[in-house]
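Modelling step: build the complete structure from the supplied sequences, incorporating the hints.
Top to bottom, those sequences are chains L and S. Going by our numbering, the first sequence opens with residue 1, and the numbers climb by one from there. Going by our numbering, the second sequence opens with residue 1, and the numbers climb by one from there.
Hints were generated in silico from the structure; no laboratory data involved. Fair warning: there could be bad hints in the mix.
Unchecked claim - Covered stretches of chain S (in silico footprint by chain L; criterion: 3 or more residues with CB under 8 Å from a CB of chain L, positions within the stretch not fixed):
# : stretch
1 : 96 to 102
2 : 107 to 116
3 : 120 to 130
4 : 135 to 146
Using N, Cα and C, we set each Cβ at its ideal position, and we do this for glycine too.
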Amino acid sequence: MTIKLRDKILPEKGVEELLGYAVPTKTTVELRGRISRSLVEEISRIKKEPDWMRRLRLRSLELFEKLPMPNWLRGIEELDLEELTHYVKPEAGIAERWEDVPEEIRKYYERLGIPELEQRFLSGLSAQFESETVYSSVKKKLSEMGVIMLPMEEAVKRYPDLVKKYFLRVFPASDHKFAALHAALWSGGVFVYVPPGVRVEEPLEAFFLIGRAMEGQFEHTLIVADEGSFIHFIEGCAAPMYKGYSFHDGMVELYAHKGATIKFTTLQNWSKNVINFNNKRGIAEEGARIDWIEGSIGSRITYVYPSTILRGRGASTRSMVVSVVKGPYLKDTGSKVIHVAPDTRSRIINKSISVDGGINIYRGLVKVLRGARNAHAHVECDSLILDSKSMAFTYPHNQVDEPTATVTHEATTGRLGEEQLFYMMSRGLSEDEAKSLIVLGFLDEIMAELPFEFANVLNRVIQLEFKKLGGLG
Amino acid sequence: MFFAVNDRPVSFIWRPHNSLLTVLKLTLEIKDLHVAVGGRQVLRGVSLTVRYGEVHAVMGPNGSGKSTLAYAIMGRPGYEVTKGDVLLDGESLKGLTTEERSLKGLFLAMQEPPQIPGVRVSTFLIASINKRMGADDLTRVKNPLVLKRIYDAVKNVGLSKDHLTRELNVGFSGGEKKRNELLQLLLLDPKVVILDEPDSGLDVDGVKRVAEIIQELREKGKAVLLITHYPRILEYVEPNHVTVLYRGTVVAKGGPELAKRIEEEGYSFIK
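Printed below as a string of structure tokens:
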């Protein structure tokens, strides 16, 4: 039998329901208004940063001012950067034990079952609330192996040479306006370093919460896997409900040295208040591998394009993106791969689900540079549209300058028909239950790739997303 | 943990309906049913009754409105009842969704069930069964007896366990689709069974097996509405009543002898 007997971690409520409405939390600093040199310097001062980081921020600010608004962005008219609070420091330190995290913040994480998940499954966890890390803990075994996992700010101070080598080198601030904005205002996030040959079998996780409206969150995650090492990193995000919107402009940089493997899994479950702009890129050296899994469920608008540069011979990547849009919202997703070296391989699997007026856009890129001999790329792009109000668009882009390369592309679009829905309902299922079964089936291939616990969580999140109030079953 | 507190025991779905309802012979009544599809009047005043423990055959040439009758009983969207009513045990089904009608004990085995890519037969069966048991998660099997029931039913309808892992009706042959409908019928154990041409596309052995299952349903006290174009299957299972439809109205009513007449003469006598 292929049926998985799935444990549940999340209780029988939607994530928004679980977190409820935002409760006021105490803060010590809030910076809002125009994005200026003095604002950036103030953030740097509060963080007591070394000068090189301050200068890096200021250079990025200049880029932000110069760069044009990307002309392909849709639906962010309501975003008014001048109105946002760009930095919010909660009244909390960085705790190593959950009991030391202020109660009103801790409750959010407890409702999501994060501490339980940490205990059962993770080798380290970092939790961020608003702009700062409020909890960071790594299991002893990991420190003994020399693995570093620290809030980004601490890493900047304690390992400046290591951080300098990679920070904004994988994803330069000059790439686009929102990358530059991120680099100028970044706060929070995690730094991870895995020494040569070390395999971290149990995943590390970072969890991000935005607890209020009209806030910007700009966390920066940097993972460096040294030669022959292995790491699986998971990031999760959520937000309670509030009036208005918030803005997320995070960045993830991965560097996989020779023969190293980085698996990076995201379960994005922002509330419908969050406009989510994600900058994700990795570089894979010779024989290295980077695997992205992106479960993009929540948010009002999301832009996310996990990208990999295959720089060394024989490097490989696989990027699986699941994008669910339920309701009048938008997701613009897509994976990008740049083949630089010979014998590099890539596989992109994108699955989108649109329902209740949702819109999915796939915007992918496969680029094979001249000299990347025998590069091999395969793109699979499947869209599932569950009613006539919803839409899906795909804009795959292949640019192949190497004649020995093989680039293949497959795309399918399925629309749930009235007859199929009637058939399933005639067996006693509600419309939403029928849809959630179809969605879970559509995602089977990706579920099989997820760690068991996260397949459970994703399964529940999807069932919850598709249930009407009043309960599933 | 197999029996959570709020779970009804598994025998719930196997409850034979030989209760008071059967004794009273309350059942499915179709009263002066008028149905429009896309603005076109397809049924114009159909009345018939199907009692528990009886097989009522609805016959008629193609396009006479037999499938429309089945869909209207199940409350399929787009099949608008413009006049008349359908009653189950004396209660009107008006306003009930397809889902609610199913949970009240109606079942339709479709003539040509659609393909549902991505959804495995097992997943679909378990979800439908769990729904009836009030389970909180439709995808999990809480009681191993459910799996045994499924395996037994698979064997009973002449399918193999391999079918359970296949996508619902995807790549199924005509015969496999029919068997798969019967499989769901056996597992959901409805009160009223509507079979829309269960014999079409089957070989003689297949038709005989379907007839046996219909006979078993009747013995178990089900009300069976058997829609069929060809009288062939009625050689193996004798109906209690026969109603003949033509152009959306009832043109003849009778017993098994009416089916025999159609077998001999075809539908020419009604035209």
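To see whether the hints hold, each was checked on the structure:
| no. | hint | verdict |
| --- | --- | --- |
| 1 | 96 to 102 | holds (count 5) |
| 2 | 107 to 116 | holds (count 7) |
| 3 | 120 to 130 | holds (count 8) |
| 4 | 135 to 146 | holds (count 7) |
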